[in-house]
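J.: One-letter residues, chain by chain:
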Amino acid sequence: KAGVTQTPRYLIKTRGQQVTLSCSPISGHRSVSWYQQTPGQGLQFLFEYFSETQRNKGNFPGRFSGRQFSNSRSEMNVSTLELGDSALYLCASSLSAQRDGLWYFGPGTRLTVT
Amino acid sequence: QKEVEQNSGPLSVPEGAIASLNCTYSDRGSQSFFWYRQYSGKSPELIMFIYSNGDKEDGRFTAQLNKASQYVSLLIRDSQPSDSATYLCAPPWGGGTSYGKLTFGQGTILTVHP
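Taken in sequence, the protein lines are chains A and B.
Mapping of the first sequence onto the working numbering: residues 230 to 343, in sequence order.
Mapping of the second sequence onto the working numbering: residues 326 to 439, in sequence order.
Just so you know, the hints here were simulated from the structure itself, not pulled from any lab data.
Wrong hints could be hidden among the right ones.
In silico DSS-like cross-links for lysine-lysine, where the CA-CA straight-line distance does not exceed 30 Å [as the list claims (entries may be wrong)]:
# : chain 1 : residue 1 : chain 2 : residue 2
1 : A       : Lys286    : A       : Lys230
2 : A       : Lys286    : B       : Lys367
3 : B       : Lys367    : B       : Lys381
4 : A       : Lys242    : A       : Lys286
5 : A       : Lys230    : B       : Lys367
6 : B       : Lys392    : B       : Lys381
7 : A       : Lys286    : B       : Lys392
8 : A       : Lys230    : B       : Lys381
9 : B       : Lys367    : A       : Lys242
Quantities reported herein were computed from a predicted structural model and do not represent experimental measurements.
Turn these sequences into a full structure, and let the hints guide you.
T.: Given below as structure tokens:
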């Protein structure tokens, strides 16, 4: 079974631009979460979706948004990019809708903002 | 107090030795724990999960959970150079609406030298 896939893998953007990242979960998984990883802050939770509904959101500004489609694929969008948004963005999926489900990560999208 | 704290590293052990990675957590509601391994430049990989008090063994890995002490550990027996990575512990929930949110520790860098 294929793992979680993320596109694009690498992205370079300029301050002020916006970016959309895509995530395809493992087949059959309906829960998708997004994380930001930076050397200084570690892994920070962005948001989680299940059946097209956002169930949880982390402490990020409103410039960070996401959505999930009926096929469980998910996208996250960052508007008005700042230098501090440079990070590895990770998507994870889970088969279980429960809180203690197992989460599997994709390879990530490395975003560089210049 | 941070929600999840891991023993500070980096941890260096000789090949063949036992590596001991520790994690304490503040949320008494946490019922289970995940251990992830992250190689440099890669995404986290789920290597172990434990849902109940006591020990769980999987190959060279043993996870130990002590809910009363709010402590979880990961032992790696017969450590190999390929085990060199950052190890992250994460309780999957803190009660309430914490769907999909893994609260990661800062990670412990393990180096296994030949």
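J.: Each hint needs a verdict: does it hold in this structure or not?
T.: Checked hints:
no.	hint	in the structure
1	A:Lys286 x A:Lys230	holds, 29 Å
2	A:Lys286 x B:Lys367	holds, 24 Å
3	B:Lys367 x B:Lys381	holds, 26 Å
4	A:Lys242 x A:Lys286	holds, 25 Å
5	A:Lys230 x B:Lys367	holds, 20 Å
6	B:Lys392 x B:Lys381	holds, 14 Å
7	A:Lys286 x B:Lys392	holds, 27 Å
8	A:Lys230 x B:Lys381	holds, 26 Å
9	B:Lys367 x A:Lys242	holds, 21 Å
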